[in-house]
Amino acid sequence: MAVVFEKTKGLTDVPFSYCPGCTHGIIHRLVAEAMEELGVLDKAIGVASVGCSVFAYEFFNCDMQQAAHGRAPAVATGIKRVHPDKVVFTYQGDGDLAAIGTAEIVHAAARGENITVIFVNNANYGMTGGQMAPTTLIGQETLTTPYGRKAEVNGYPIRMSEMLSTLEGVAYIERTAVYDVKHVIQAKKAIKNAFLAQIQKKGFSMIEVLSTCPTNWGMTPVEALKWVKDQMEPYYPLGVYKNTLEEVK
Amino acid sequence: MAVVFEKTKGLTDVPFSYCPGCTHGIIHRLVAEAMEELGVLDKAIGVASVGCSVFAYEFFNCDMQQAAHGRAPAVATGIKRVHPDKVVFTYQGDGDLAAIGTAEIVHAAARGENITVIFVNNANYGMTGGQMAPTTLIGQETLTTPYGRKAEVNGYPIRMSEMLSTLEGVAYIERTAVYDVKHVIQAKKAIKNAFLAQIQKKGFSMIEVLSTCPTNWGMTPVEALKWVKDQMEPYYPLGVYKNTLEEVK
Amino acid sequence: MEERIIFAGFGGQGVLTMGLIITYAGMLEGKNVSWTPSYGPEMRGGTANCNVTVSDDEVGSPVIIEATSVVVMNRPSLDKYESYVIPGGKLFVNTSLVDRKPQRKDIEVYEVPANEIASELGNLKVANMVMLGAFVEATKVVKMETVLKALPEVFGKGKEHMMAINEEALEKGAELIINMVSTK
Amino acid sequence: MEERIIFAGFGGQGVLTMGLIITYAGMLEGKNVSWTPSYGPEMRGGTANCNVTVSDDEVGSPVIIEATSVVVMNRPSLDKYESYVIPGGKLFVNTSLVDRKPQRKDIEVYEVPANEIASELGNLKVANMVMLGAFVEATKVVKMETVLKALPEVFGKGKEHMMAINEEALEKGAELIINMVSTK
Amino acid sequence: MAKVLMKGNEALAEAAIQAGCRHYFGYPITPQNEVTAYMAKRMPEVGGVFLQAESEVSAINMVYGAGGAGARVMTSTSSPGLSLMQEGISYLAGAQVPCVIVNIMRGGPGLGDIQGAQGDYFQSTKGGGHGDYKLIVLAPSTIQEMADLVQEAFDIADEYRNPVVILGDGMLGQMMEPVDFENVKKTKRNLPEKTWATTGRGNREHRNVINSLYIDPPVLEKHNYVLFEKYKRAEQNEVRYEMVNCDDAEVILVAYGTMARVAKNVMNIARREGHKVGLIRPISLWPFPKEPFKKTVDQVKGYLVVEMSMGQMVEDVQLATECKKPVHFYGRPAGMIPEPSVMLEKIKQIAGGAR
Amino acid sequence: MAKVLMKGNEALAEAAIQAGCRHYFGYPITPQNEVTAYMAKRMPEVGGVFLQAESEVSAINMVYGAGGAGARVMTSTSSPGLSLMQEGISYLAGAQVPCVIVNIMRGGPGLGDIQGAQGDYFQSTKGGGHGDYKLIVLAPSTIQEMADLVQEAFDIADEYRNPVVILGDGMLGQMMEPVDFENVKKTKRNLPEKTWATTGRGNREHRNVINSLYIDPPVLEKHNYVLFEKYKRAEQNEVRYEMVNCDDAEVILVAYGTMARVAKNVMNIARREGHKVGLIRPISLWPFPKEPFKKTVDQVKGYLVVEMSMGQMVEDVQLATECKKPVHFYGRPAGMIPEPSVMLEKIKQIAGGAR
Amino acid sequence: MAKVIFNEDLCKGCELCVNACPKKIIEMDMSKINVKGYYPATVKSENMDKCIGCAFCAMMCPDTVITVIK
Amino acid sequence: MAKVIFNEDLCKGCELCVNACPKKIIEMDMSKINVKGYYPATVKSENMDKCIGCAFCAMMCPDTVITVIK
Ligand SMILES: Cc1ncc(C[n+]2csc(CCOP(=O)(O)OP(=O)(O)O)c2C)c(N)n1
Ligand SMILES: Cc1ncc(C[n+]2csc(CCOP(=O)(O)OP(=O)(O)O)c2C)c(N)n1
Ligand code: SF4
Ligand code: SF4
Ligand code: SF4
Ligand code: SF4
Ligand code: SF4
Ligand code: SF4
Ligand SMILES: [Mg+2]
Ligand SMILES: [Mg+2]
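Protein chains in written order, with the numbering used here: chain W, 1 to 249; chain L, 250 to 498; chain X, 499 to 682; chain R, 683 to 866; chain V, 867 to 1221; chain S, 1222 to 1576; chain A, 1577 to 1646; chain G, 1647 to 1716.
Hints in this document: simulated from the structure, not taken from any laboratory. Treat each hint with caution, since some may be false.
Result set (BS3-like, lysine-lysine): computed pairs, CA atoms no more than 25 Å apart in a straight line [what the hints assert, rightly or not]:
(1) Lys1098/V to Lys1060/V
(2) Lys258/L to Lys1649/G
(3) Lys9/W to Lys1612/A
(4) Lys1678/G to Lys783/R
(5) Lys431/L to Lys258/L
On the chain L side, residues computed to face chain G include the following (Cβ under 8 Å) [as the list claims (entries may be wrong)]:
(6) Leu260
(7) Pro264
(8) Cys271
(9) Gly274
(10) Gly467
(11) Met468
(12) Pro470
Yeah, the Cβ is synthetic: ideal placement off N, Cα and C, and Gly gets one too.
Turn these sequences into a full structure, and let the hints steer you where they fit.
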């Protein structure tokens, strides 16, 4: 009998620290598989951000740096400018990327910095116990929007993929989800495309992944998947927002 | 004989500190006239940013705060949340707003913060002697792009009006210029519209004004106007990018 | 009088609540009290504990190194906290989930099969209340009646339906100690 | 020997350059030198000045309070810096743009109609060179021939066409002093 | 209102609201998240404003705007967040904008850990930001005191037109103790009206301007002297400390915040063992209390400074004692609690004459 | 190469390039703009990278990335910019990333002014960022020394895996003096290979990780001790200072950077007037030189610390002298130069026995 | 014929695999608690032959618990 | 009949008004230097009656030098 599916070499043996059913784990696996399949693990340098995925530096089986909250794109820029031929990526949450790190992500994109960003949008700050993120939906209850997010007070959720796609330096942006197998497969394809854009030196690439936070959403993991599909996806449409990739076989 | 044109009450008696022919002076006047004509001078609170216009707090004839570099939208937010019925505006350069202050402007816009932003785009950092700004054109020589701005190294100029218009909290955004009388008149109309949006509590409003920096561009003031028209305007198209205003007579 | 108590177990076993109830009851009885929880990501499916002090005097260090009592709800907590008990102090062990005996001989050990009793009561979630009943009976840090007064305050609105079973669990735990002592 | 010199005037009058030439020449003559400019937004159409020290010893404070010489190219600079000259020191005044006499009696004053001479030479921009010629002749801080060597270094490429008139201006300034002294 | 059992973070937040704070700007960070969450819940109830900023940098600048506009305003954060606020803090001090800044410290440097620690003493007391300025820094050691000092902090901020820092740690933020809000002192100060605030000009004769730029050095220098006159007043009037058992003490422990509670325990144990040990607990870390050292320096054999850090306040103690007696130090960083047994050992050594 | 006349900012930049720095990230700010401009021009010529960041916050984090990736990397800024870098600096120290950070100080607090000043001494030497860490801080006082110390700074950074700060001021940045780059010492240290850098794993056995997070307090504590072992080594080996005329001095001036040049002048004047005056010039501000004070404290009547600030280094001098002799202070903030006549007056008072 | 293997001690009992399996053969083993304190997922041996080796379970598992062979 | 009045001491000699005037009647007065050190803009008295009071000059002046009456 042949192995149909096994754990990728792109991950270390350290067990994930995520809550049960948190899709950070799936996304980690996809990134690791993409790197393994593209054969870039030995020249990859990843940047972990501050959020639940802060320990990503223990999980990805490649060189890693841990960046200050929101600054992963700046750290990745520093690395990439030293090693332009290595594959550099960041793994960032929505609080990290869309709140405190707004300037860094916008300017990395505008510079066309030749890095790949994995952007995990779970509509809240998981690590700190479930506060509002810039991506929190209107009406969504969080620790800091106990009466539900109100547009008049907190403004509107930001669609980062759309916003960043207005910038010329961007080579590839796609929004994906991992709430079922079909979307997991598509997400992996997207992540591979993003790395390919970097390998082809096209410029900045980012994959936004709609993810769950069952713990802070107060749902079972299965309910959480459904919430992504029913509540998040309508506001955050999936799809390719920018693509300058050369066709590859 | 009647007075056809005289200095607005919206400005103090302090002479401008700008270089000869710098259009910061024209833009100041338009903002002040707009406030005077809308009758809001006594309830206006302005925020000066860091750049050549840092001394704006001496020029506008209303209460003013001087903000740290890039943080004017945050300062304005603080003010507006204390005095929601006052008219709060910021006056920011392109280094201030589009570089160091990127997070603050994006989030003020996303929040639909009910303030008015005057954004003076002169394609460089005037105050510090003419370095590259995020808005510096490809090929443009500055102190920090002595060989001309190169897309591969410094990325692409950011079109802030376009980018911010993707955000839902935005009520009004228009890009204008002041290189001739016709455009000066249009810019003033735009600035009035932005204040009106605030008065109508529509949310965030911003007027981008293409401006000159004859000193650092190494041109005469008249040449500088022409450069705005010939070089800047094609990359930064003028026009209304977002408008949720109710029609006013 | 100063009681310094550590409650420890898996996250989800309700050890923070146990501590909180004692703290609240202590306050109701006019004592000086302090409650300090563990916090942070290790809580995520990891272990939890809290330090509780109930004292006639001002409460000094909120962090307990020399505990008058320790309550352990699982094995890792026994391993970690057995040494914290002062000589002559009390150690409460949830034998349902702890598969070894304590090694200390200079302390009083109370063995409480809390999960089993709770499951007899029909709700595994009240294992902590069983243990708490035993603890209160054995230590008399606070009166059982004050604990009953503290319960609704700590649980807050919406948990009224749980009161009966919580009280029953407390009683069962207390009974266990009464029987233990009388048979000693 | 330590010469501490302040050059001051409007921005655009070339006072920083005057200082730089002396500094450069001093360095060429093996002296210890230091040049400190004013900077910042007040330069924008405002006043400019620089502090130059030429010394046999290590240069101490780069900021000059007790100047051996002061060169003022306009009226505000005279008002500000007249008091900086040490007793017995030298003050050079561009009388073309300064409409009052210095008040100090304990110093040597040199009156140089620099703009007028420059305009006679056909280029207002070399007023600073006229003044510099006078200054060098009167102070001998550095040799005129070293100044001539320093010129191309300070002006850099692309200004070769200005050399002749610059030299002429320096000479005119120097002549003025020579005549002044001989007529004294 | 009877005593209520509350987390330090929550007591602090409630006390702020009772002190008239109606504007809070902050950004989540452990271990102060309960402040943010509490404000999010309570502010709408009292008609106040809770706004989650996009970062600590923005939060502190919103504080600047709101404080400059005349509001009682607060922000709270923990160590890395406070580092991000340093530019803003320097501006607040320079422009004389009153506000309250809470730092619930954790282990550092960098991302460090999230346990309560005291490694930010220098940052708050000496100046983490640029330029010559001072913050008034208060360090509570009980939950009741957290509530009490917050009230005081707003008053001090308004009286001096200066930012006031509440320097707590993760332990104080997370622990629960009973608090009596009746107890919280109501303002007794004669606070000046905020005639300088940017409220819109209205009928006012002059424009109000909030600013820290003085491009002409002599003017900035004058402004610096104005600030330092104010600081001198604070040094005279705002010093706070607690002395316990110092009358006959041969060895005096010096500690603040959570650490002082541990030190008090150790002092009691040492007393029971027959050692004459006292405790000085600085409550205001700036202005640093020099009097208790002046009063005791002749009588003691030495001081033992204990900190949950590698040693920071110890320098101020050395300066306050004018080096007349040995100042010993024992500390642990990273959120580890210095061990009572080690403290006892050191006390004995000092009592025995160790230098 | 003969002596060249250069601005301090430019000499610094050129020296960095000659020291092998090939990566510079920065953001414009007066009075250090010439560093940025010079790097923009020169880096492409030597195949290096100049990148203008979108802010100082980004710049310092780019430095983190590049330094962690093994490069010799530098940033430069002035006071407000350094405040914005504090979080990043704490991370750099925590993760042990070598780099050189230049602060060309100006007057503060807040926006202040743009004249050279020395108000950021505390920020750099005590810790403007959060947590327990130390930066090695070098303060040049001539343009030649700016060049020399930059070379040294890169070596120290690499040897200790720690950020090194060059603390200059606007005056030093803007003034021109002749520099001899031959003079710049070439590295003599035996620098370890950067086997820890994230260069991509390649054939390496282990993964390299740059990190400052140690969530378990005992582990973080151990890491803190590792850092402080390193700092202790630095305290032993990296102390730098200059002593002038101290042998027979009754009064010793203490000053660093630009201020030390003024002090030297005053010392000479005082000597001419017959006063026995010396000068101690700390070059490393951290580790602070204690030896020159140990050596002189018995012989002098007192020290006069002069700073272009309201008084910051004075505390370190008090600590270094162990309060054995009076330490007097005279300073002016805001970019104003303390007046020689006042200094002379004070010298005479101290010589006369003033306490 | 296909087979799934659970690295049981890594399982957090989230049930995403249960939810994903088209054959509905995965269930939680309530008879044991793993080292992490969860009831782990399992396929009863009698159901294993219904497995089609589609690996849907493995693709949805966030904790890389599952290996699939065929 | 219209007239422009220059607040001469505020003028920085930038010539934007010169450039804007449709009647081309504004010029720089090279005969004097104002307090700021610039040659100020002016309309020669013989040209003033050509002024149409359009205020273009005033609208382009960055330093609020010009008042227009009509
Ligand atoms: C400067 C700073 N501010 C705040 C924090 C606290 N903090 C840690 S994680 C986090 C939010 C993470 O949210 P997100 O990026 O959405 O990641 P998630 O946990 O949801 O995956 C915050 C605010 C910090 N560590 N540093
Ligand atoms: C934190 C900080 N960084 C840098 C500076 C220096 N600085 C002053 S103005 C300026 C740029 C201003 O450019 P812009 O906003 O475009 O305004 P302009 O002068 O062009 O009108 C900079 C970088 C500062 N004051 N504070
Ligand atoms: S808190 Fe939320 S995002 Fe973080 S690990 Fe748990 S479920 Fe995932
Ligand atoms: S430097 Fe440029 S932007 Fe600034 S005042 Fe001068 S011309 Fe205007
Ligand atoms: S491989 Fe497919 S059929 Fe088999 S257990 Fe997994 S999901 Fe079910
Ligand atoms: S998806 Fe993975 S972790 Fe979740 S229950 Fe199934 S095997 Fe366990
Ligand atoms: S008002 Fe019109 S016509 Fe008259 S001077 Fe001005 S621009 Fe010329
Ligand atoms: S536009 Fe104004 S400032 Fe410029 S020349 Fe004309 S009058 Fe003078
Ligand atoms: Mg998130
Ligand atoms: Mg600009």
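Hints, verified against the model:
no.	hint	in the structure
1	Lys1098/V to Lys1060/V	22 Å, holds
2	Lys258/L to Lys1649/G	21 Å, holds
3	Lys9/W to Lys1612/A	24 Å, holds
4	Lys1678/G to Lys783/R	22 Å, holds
5	Lys431/L to Lys258/L	23 Å, holds
6	Leu260	7 Å, holds
7	Pro264	6 Å, holds
8	Cys271	6 Å, holds
9	Gly274	3 Å, holds
10	Gly467	15 Å, violated
11	Met468	11 Å, violated
12	Pro470	4 Å, holds
In summary, the structure is inconsistent with hints 10, 11 from the numbered list given earlier, while agreeing with the others.
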